[in-house]
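Trainee: With the hints as extra help, turn the sequences into a complete structure.
With full-length UniProt numbering, letter number 82 in the sequence shown gets 82, and the count goes up by one each step, no holes.
These aren't lab readings, by the way, just hints derived from the structure by calculation. No residue lacks a Cβ here, since even glycine has one placed at the ideal position from N, Cα and C. Just to be clear, a hint being listed does not mean it is correct.
[What the hints assert, rightly or not] Derived pair list, reagent style SDA-like, types lysine to any residue, alpha-carbon separation capped at 20 Å:
#1 Lys-59 - Tyr-70
#2 Lys-35 - Tyr-45
#3 Lys-59 - Leu-48
#4 Lys-49 - Glu-37
#5 Lys-49 - Lys-59
#6 Lys-35 - His-46
#7 Lys-24 - Glu-37
#8 Lys-59 - Tyr-69
#9 Lys-54 - Gln-44
#10 Lys-82 - Met-72
#11 Lys-49 - Thr-60
#12 Lys-24 - Gln-42
#13 Lys-59 - Ser-47
#14 Lys-82 - Tyr-70
#15 Lys-35 - Ser-47
#16 Lys-54 - Gln-42
#17 Lys-82 - Glu-71
#18 Lys-54 - Arg-64
#19 Lys-35 - Leu-23
#20 Lys-54 - Tyr-66
#21 Lys-59 - Glu-71
#22 Lys-54 - Met-72
#23 Lys-49 - Glu-61
#24 Lys-49 - Phe-38
#25 Lys-35 - Leu-25
#26 Lys-24 - Ile-34
[Claimed, not checked] Now the in silico label distances, taken between C-beta atoms and shown as ranges:
#27 Lys-54 - Ile-34: 37 to 43 Å
#28 Thr-60 - Pro-28: 46 to 52 Å
#29 Gly-85 - Glu-61: 33 to 39 Å
#30 Ala-56 - Glu-36: 27 to 33 Å
#31 Met-68 - Glu-29: 54 to 60 Å
#32 Tyr-69 - Leu-48: 28 to 34 Å
#33 Leu-25 - His-46: 26 to 32 Å
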Amino acid sequence: RACPVPRMFPQNRPPVSPTPQSLKLTYPETLDRIKEEFQFLQNQYHSLKLECEKLATEKTEIQRHYVMYYEMSYGLNIEMHKQVGLGGLASSSGQGAL
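Mentor: So this is what it looks like as structure tokens:
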């Protein structure tokens, strides 16, 4: 399953007017711009935090499955060796009877 990767520099930033007048912002305008940028960064942080938590949950689930499959594989391997061992004993006892 493909997981969407958040962009480092998304395009939904607060708009910046390219006029020369924007270089001469008043204090209230500057504060508003800072507030907008801060709000944008907070939203981005929140979405990245949620994504990180989701990935951590998926990682834990994958690790749990890995352990489960490892235990099953180990059990099957032990069982296979038992079967081979029993087969070897049966064939060697059969050879001794000849």
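Trainee: If a hint holds in the structure, say so; if it doesn't, say that too.
Mentor: We went through each hint and held it up to the structure:
1. Lys-59 - Tyr-70: Measuring from Cα to Cα gives roughly 16 Å; hence the hint holds.
2. Lys-35 - Tyr-45: holds (15 Å)
3. Lys-59 - Leu-48: holds (16 Å)
4. Lys-49 - Glu-37: OK: Lys-49 and Glu-37 at ~18 Å, within 20 Å.
5. Lys-49 - Lys-59: holds (15 Å)
6. Lys-35 - His-46: holds (16 Å)
7. Lys-24 - Glu-37: holds (18 Å)
8. Lys-59 - Tyr-69: Between Lys-59 and Tyr-69 the Cα gap is close to 15 Å, so the pair holds against 20 Å.
9. Lys-54 - Gln-44: Holds, at about 15 Å.
10. Lys-82 - Met-72: Between Lys-82 and Met-72 the Cα gap is close to 15 Å, so the pair holds against 20 Å.
11. Lys-49 - Thr-60: holds (17 Å)
12. Lys-24 - Gln-42: Distance of about 26 Å is beyond 20 Å: violated.
13. Lys-59 - Ser-47: holds (18 Å)
14. Lys-82 - Tyr-70: Holds, because 18 Å separates the two Cα atoms, which is no more than 20 Å.
15. Lys-35 - Ser-47: Roughly 18 Å separates the two Cα atoms, so the pair holds.
16. Lys-54 - Gln-42: holds (18 Å)
17. Lys-82 - Glu-71: With Cα atoms ~17 Å apart, Lys-82 and Glu-71 stay inside 20 Å; holds.
18. Lys-54 - Arg-64: Distance of about 15 Å is within 20 Å: holds.
19. Lys-35 - Leu-23: holds (17 Å)
20. Lys-54 - Tyr-66: holds (18 Å)
21. Lys-59 - Glu-71: The hint holds at about 18 Å.
22. Lys-54 - Met-72: violated (27 Å)
23. Lys-49 - Glu-61: Satisfied, since the Cα-Cα distance of roughly 18 Å is no more than 20 Å.
24. Lys-49 - Phe-38: Roughly 16 Å separates the two Cα atoms, so the pair holds.
25. Lys-35 - Leu-25: Satisfied, since the Cα-Cα distance of roughly 14 Å is no more than 20 Å.
26. Lys-24 - Ile-34: The given pair, whose Cα atoms are some 15 Å apart, holds under the 20 Å limit.
27. Lys-54 - Ile-34: 37 to 43 Å: With a Cβ separation near 30 Å, Lys-54 and Ile-34 fall outside 37 to 43 Å, so the hint is violated.
28. Thr-60 - Pro-28: 46 to 52 Å: holds (48 Å)
29. Gly-85 - Glu-61: 33 to 39 Å: Check passed, 36 Å falls within 33 to 39 Å.
30. Ala-56 - Glu-36: 27 to 33 Å: holds (31 Å)
31. Met-68 - Glu-29: 54 to 60 Å: holds (59 Å)
32. Tyr-69 - Leu-48: 28 to 34 Å: About 31 Å separates the Cβ atoms of Tyr-69 and Leu-48, which means 28 to 34 Å holds.
33. Leu-25 - His-46: 26 to 32 Å: About 27 Å separates the Cβ atoms of Leu-25 and His-46, which means 26 to 32 Å holds.
Checked against the numbered hints given earlier, this structure breaks hints 12, 22 and 27; the rest are met.
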